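Student: Each chain is listed here by its residues.
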Amino acid sequence: MDLSRREALGRLTLLLGSAISTPAVGAILPGCRAEPPTPDWVPQALTSDQFNLLEVLVDRIIPTTDTPGARDVGVPSFIDRLLQDWADVNERERFLTGLAAIDEESRESHGALFREATREQQNELLARLDEEGVRARDDEVDPLPFFAILKEWTLVGYYTTEIGATQELQWLAVPGRYDGNLPLDEVGRTWA
Amino acid sequence: MGMSLQTGQADPGKTYDAIVVGSGITGGWAAKELTERGLDVLLLERGRPVEHGPDYTTEHKPPWEMPYRGEGDRRRLEEDQFLQAEAGPVNEYNGHFFVNDRESPYTFDEDKPFLWIRGYHLGGRSITWGRQSYRWSDLDFEANAREGIEIDWPIRYADLEPWYDYVERFVGVSGQAEGMPQLPDSRFLPPMPLNAGEVRVKQGLEAAFPDRRLSIGRSAVLTQAHNGRNPCHYCGPCSRGCAAGAYFCSLSSTLPAALDTGRLTIRTHSIVHSLMYDEGRDRVTGTRVIDAETREEPEFRGRVVFLCASTLASTQILLMTQSGRFPDGLGNSSGTLGHYLMDHHFRLGAEGTLPGLEDRYTYGQRPNGIYLMRFRNLDDRTRQPDFVRGYGYQGRAGREGWARGIAEAGLGAELKNRLRSPGRWRMSLWAFGETLPSYDNYVTLDPDVTDAWGIPVLRINCTLGQNELAMRRDMTAAGAEMLEAAGLTEVETWEDDYRPGEGIHEMGTARMGRDPRTSVLNAWNQLHDAPNVFVTDGACMTSAACQNPSLTYMALTARACDYAFGALDREEL
Chain G
1 MDLSRREALG RLTLLLGSAI STPAVGAILP GCRAEPPTPD WVPQALTSDQ
51 FNLLEVLVDR IIPTTDTPGA RDVGVPSFID RLLQDWADVN ERERFLTGLA
101 AIDEESRESH GALFREATRE QQNELLARLD EEGVRARDDE VDPLPFFAIL
151 KEWTLVGYYT TEIGATQELQ WLAVPGRYDG NLPLDEVGRT WA
Chain A
193 MGMSLQTGQA DPGKTYDAIV VGSGITGGWA AKELTERGLD VLLLERGRPV
243 EHGPDYTTEH KPPWEMPYRG EGDRRRLEED QFLQAEAGPV NEYNGHFFVN
293 DRESPYTFDE DKPFLWIRGY HLGGRSITWG RQSYRWSDLD FEANAREGIE
343 IDWPIRYADL EPWYDYVERF VGVSGQAEGM PQLPDSRFLP PMPLNAGEVR
393 VKQGLEAAFP DRRLSIGRSA VLTQAHNGRN PCHYCGPCSR GCAAGAYFCS
443 LSSTLPAALD TGRLTIRTHS IVHSLMYDEG RDRVTGTRVI DAETREEPEF
493 RGRVVFLCAS TLASTQILLM TQSGRFPDGL GNSSGTLGHY LMDHHFRLGA
543 EGTLPGLEDR YTYGQRPNGI YLMRFRNLDD RTRQPDFVRG YGYQGRAGRE
593 GWARGIAEAG LGAELKNRLR SPGRWRMSLW AFGETLPSYD NYVTLDPDVT
643 DAWGIPVLRI NCTLGQNELA MRRDMTAAGA EMLEAAGLTE VETWEDDYRP
693 GEGIHEMGTA RMGRDPRTSV LNAWNQLHDA PNVFVTDGAC MTSAACQNPS
743 LTYMALTARA CDYAFGALDR EEL
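For the record, the sequence lines run as chains G and A. Residue 64 in this note's numbering sits at position 64 of the first sequence; the count goes up by one each step and never skips. Adding 192 to a residue's 1-based position in the second sequence gives its number in this note's numbering.
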């Protein structure tokens, strides 16, 4: 699940001549179906407080802009399912500990729970955690820090949804032809 | 496009002209060649039926329609496919075309892991294969003799050349003719194009190393309609099955041709336990089968038997065929049956960044990459001090997608916007190296473990030798040297653990040779011990070369079928 920097940076999965063209990376972590929660849906692995914090965090990573963001497409419930059905005990424990530490760090730095801190304070904390996470990935630290995992799961959870793949980026089931050299302008956005 | 592969019932009271065991790449070819020559053929497949088209249940499915976004239910995989899922090609979309490791065990010493990646269903691994198709040359067929390593192949390129021509006409191999002696050209359909990045790497690399050649992969994927099959529509992930029949597999190609003759009977769920051997006649009389559904144990009779069950499964059937005369297995009078197991070692290479081309991108998913042909130990000038044989690279150039955001700093609208555009052009090279034949790499029947049918499982013993380890040091370094010479930046080598078998190119264990004292099969893939048994899958290989082997298996199978037909006609069998 922990993508090394090399894998994350897009090593192309080529096995036995099969160019496995899973979008972007083949070695990426498994994920569950992400559906925006229905009104009676309750998180399985997370408490509602943890879930609420997670909603804020994924929205800071991939926010709603002119297209829906990570929260809008159900990434928090996707991560809840990952923790419930996919992660092992240690991974789940580390994730929950990391989530709790966000509030602790916020209180230490800014004297307020993360949710209650100013947007500026929130951004400052997350930028610091992000830099630490990227550095850890660079150094192939194992296990990766919480925020590196959160960011990975958020991006995977977002770009493998229909909205992430087809509205934010673009995706074609049957392109019908191959062109290996055309202007980026003609294509527009990244292929999901 | 669905084609029913239903046939009449297999008849235990009948003596078929030929029994073919296995329906993968070689079994499909044997069924086609033998039926087209007028023989009545019974094809036995141990797994379930698969219908071309309707049973490709994940074809064109997007990740959001898959329960686990395409990467599999991790906990189920850890329980049911803990070995299969270790191999790169296995994923959530195609997992149903790979075996359940609990139901289909094999054993190995803990410190000598082996990955035996299998597909038990009609069509076998021809549904999920990599489709890369390369001829061998005499550089390969003469290598053992030239270097005094193990035994000589009993054939040369000239023996196989017309059969390469023959199978390629039917298969349809797209590629670029290059006129390089170490990798003879096939009869090509038009090549798929190199992309903008690959063209630039090719130019830089060949300017720096004029005797090396980077070409588009030679692939059994159609670039134009061919023999009633449709050209590729560039959806990308072939291994889910292709209802258009744009790549060669038994279900799209050979089995329909065999069924058209009206002389093929297919029996699925038919596990071949062993062959029936008649000591008095020195011949095999047929196959003992266990029906995987009913557990009945019917016997089927044939004048000849083609073992095309896959390298290790064919050898297992021979090891299981024990008699007073051959207590250690039919074909084992030389003591070499099960030995000289080979694979292609890989999971290492180099990669780098292509500067420029920021305004260029690609359209469609090309199910094929580049091939950088072997350039070591071709002649005295390219002789290496510390290893023999050589390796080639597969690879591709492409722009980074959204996943680069995982490893790059940045959050929020800025990150989201950045990932809307593709990232750097990166070029990766994956090296695939030849493995030398060694007596110490072998399979035996496990004395302690049986499968669900009471058949002793295979115990596999296989490790890399000194030659491979020395070669691996060169495979990374030479890749980086070429990428740097081609003008790439941020060039890095990489190497992951490789477990034998992971190449899914297992070869050997019933090798061809001239001398019955040192080999299992003769120059016609015919058992020295029983001339009406032919083994034409990867088990027959005497050495491994470094290029993908399936095209050679096909040519060997078609050639052996032609010989068997003649021998039957002459009543020699």
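You may find that some hints are simply not true.
Partner residues are not named here, just some residues of chain G that face chain A (Cβ under 8 Å, in silico) [said to hold, decoys possible]: (1) Trp86; (2) Arg128; (3) Glu131; (4) Leu155; (5) Trp171; (6) Leu182.
Simulated from the structure, these hints should not be mistaken for laboratory data. Quantities reported herein were computed from a predicted structural model and do not represent experimental measurements. The beta carbon of each residue, even a glycine, is placed where N, CA and C say it ideally should be.
Student: Look at each hint and say if it fits the structure.
Tutor: Here's how the hints hold up against the structure:
Restraint check, Trp86/G versus chain A: the minimum CB separation of about 5 Å is within 8 Å; hint holds. Because the smallest distance between the Cβ of Arg128/G and any Cβ of chain A comes to about 11 Å, over 8 Å, the interface hint for this residue is violated. A hinted interface residue such as Glu131/G counts as satisfied when its beta carbon comes closer than 8 Å to some beta carbon of chain A; here the least separation is about 6 Å, so the hint holds. Interface hint at Leu155/G: satisfied, since its Cβ lies 5 Å from the closest Cβ of chain A, which is below the 8 Å cut-off.
With a cut of 8 Å, the hint placing Trp171/G at the interface with chain A holds, because the nearest CB-to-CB distance is about 7 Å. Annotation: Leu182/G was flagged as interfacial toward chain A, and the flag holds, the nearest CB pair being 6 Å apart, inside 8 Å.
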